[in-house]
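*Asks:* Just so we're aligned, residue 124 is where the sequence shown starts under this note's numbering, counting upward by one.
The hints are simulated quantities; they were obtained by calculation from the structure and are not laboratory data.
Given the structure is predicted, the values throughout are model-derived calculations rather than measurements.
A portion of the hints provided could be inaccurate.
Label-pair ranges, simulated between beta-carbon atoms [claimed, not checked]: (1) 209 <-> 279: 22 to 28 Å; (2) 159 <-> 252: 23 to 29 Å; (3) 212 <-> 288: 19 to 25 Å; (4) 286 <-> 258: 29 to 35 Å; (5) 233 <-> 288: 18 to 24 Å; (6) 136 <-> 218: 20 to 26 Å; (7) 272 <-> 244: 24 to 30 Å.
In the SDA-like style, the derived pairs of lysine to any residue whose C-alpha atoms are separated by at most 20 Å in a straight line are [what the hints assert, rightly or not]: (8) 281 <-> 223; (9) 189 <-> 275; (10) 145 <-> 206; (11) 145 <-> 283; (12) 189 <-> 221; (13) 201 <-> 131; (14) 288 <-> 189; (15) 189 <-> 278; (16) 249 <-> 268; (17) 281 <-> 221; (18) 189 <-> 218; (19) 189 <-> 237; (20) 288 <-> 201; (21) 189 <-> 249; (22) 281 <-> 262; (23) 288 <-> 276; (24) 189 <-> 206; (25) 145 <-> 268; (26) 145 <-> 276; (27) 189 <-> 211.
A virtual CB, placed ideally from N, CA and C, is assigned to each residue, including glycine.
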Amino acid sequence: MPLRLDLSPLLEYPEAWRRQGKGLLFSSEVLWWHAQHSTPEALAMPAASLLGGYALEHLLKGLRVKQLRAAGESILVKGRLRRELTRHDLITLAEAAGVPLARHERFLLERLTVTITWGGRYIAPKDVGETDSPTMSSTDQEAIRRFAAKLEDMLEGKEPVDYDKLLNATDRPPHDH
Numbered sequence: 124m125p126l127r128l129d130l131s132p133l134l135e136y137p138e139a140w141r142r143q144g145k146g147l148l149f150s151s152e153v154l155w156w157h158a159q160h161s162t163p164e165a166l167a168m169p170a171a172s173l174l175g176g177y178a179l180e181h182l183l184k185g186l187r188v189k190q191l192r193a194a195g196e197s198i199l200v201k202g203r204l205r206r207e208l209t210r211h212d213l214i215t216l217a218e219a220a221g222v223p224l225a226r227h228e229r230f231l232l233e234r235l236t237v238t239i240t241w242g243g244r245y246i247a248p249k250d251v252g253e254t255d256s257p258t259m260s261s262t263d264q265e266a267i268r269r270f271a272a273k274l275e276d277m278l279e280g281k282e283p284v285d286y287d288k289l290l291n292a293t294d295r296p297p298h299d300h
């Protein structure tokens with residue numbers, strides 16, 4: 124019989140979310156390495172993407188928990204994790220946490236949302252009918268790594284880089300004074 128513990132107090136600590144996310148990211152990296160060095164890439168990529176998506180989900184939720192606590196809001200409501208923290212939509216989580224998303228980051232999170240919702244776990248979605256296809260790219264490993272670093276910086280209180288705003292600023296001609 125497994126040991127029964129109440130681990131729910133951990134849900135209130137951004138550091139607990141961060142550590143879980145880092146562990147998932149490390150596991151994802153191991154699978155990416157394995158895919159590149161010893162197995163047919165197609166066999167390991169879905170699992171690596173799944174773990175990478177879960178890692179980003181945990182880091183986003185850790186950031187959101189940090190923000191909610193700073194605002195004096197409860198993480199647990201009626202003995203359950205507040206609803207916004209039970210979802211797997213990475214874009215909604217990023218927007219709630221105020222993470223600026225460049226187009227390439229939004230595309231990554233859209234694809235990883237499909238992966239963590241069903242694409243990395245099942246051969247088809249549980250609901251019958253057409254759906255978004257889980258797609259992966261050979262650049263996902265680096266994209267996941269960079270977005271995780273951005274979230275880590277935000278968890279440490281650093282201002283995130285808004286790549287689209289930065290690119291748009293460089294497209295404009297300089298002002299004449």
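*Asks:* Is it true that the CA of residue 189 sits at most 20 Å from the CA of residue 275?
*Replies:* Roughly 12 Å between the alpha carbons, so the hint for residue 189 and residue 275 holds.
*Asks:* Between residue 145 and residue 206, does the CA-CA distance stay at or below 20 Å?
*Replies:* violated (23 Å)
*Asks:* With a cut-off of 20 Å on the C-alpha distance, tell me whether residue 189 and residue 237 pass.
*Replies:* violated (26 Å)
*Asks:* Are the Cα positions of residue 189 and residue 211 separated by 20 Å at most?
*Replies:* holds (18 Å)
*Asks:* Can you confirm whether the C-alpha distance between residue 281 and residue 223 stays at or below 20 Å?
*Replies:* Holds, because 13 Å separates the two Cα atoms, which is no more than 20 Å.
*Asks:* When you check the alpha-carbon spacing of residue 281 and residue 262, does it fall within 20 Å?
*Replies:* violated (26 Å)
*Asks:* Is the hinted pair residue 201 and residue 131 satisfied, with a Cα-Cα distance of at most 20 Å?
*Replies:* holds (12 Å)
*Asks:* Take the C-alpha atoms of residue 288 and residue 201, compute the straight-line distance between them, and say whether it is at most 20 Å.
*Replies:* violated (40 Å)
*Asks:* Is the straight-line distance between the alpha-carbon of residue 288 and that of residue 276 20 Å or less?
*Replies:* holds (18 Å)
*Asks:* Hint says 20 to 26 Å; check whether the CB-CB distance for residue 136 and residue 218 agrees.
*Replies:* Since the Cβ atoms of residue 136 and residue 218 sit about 23 Å apart, the hinted range of 20 to 26 Å holds.
*Asks:* When you check the alpha-carbon spacing of residue 145 and residue 283, does it fall within 20 Å?
*Replies:* It holds: about 19 Å lies between the C-alpha atoms, which stays within 20 Å.
*Asks:* Run the distance test for residue 189 versus residue 221: straight-line Cα separation, threshold 20 Å.
*Replies:* holds (12 Å)
Comparing the model with each numbered hint stated earlier shows that hints 2, 4, 10, 14, 16, 19, 20, 21 and 22 do not hold.
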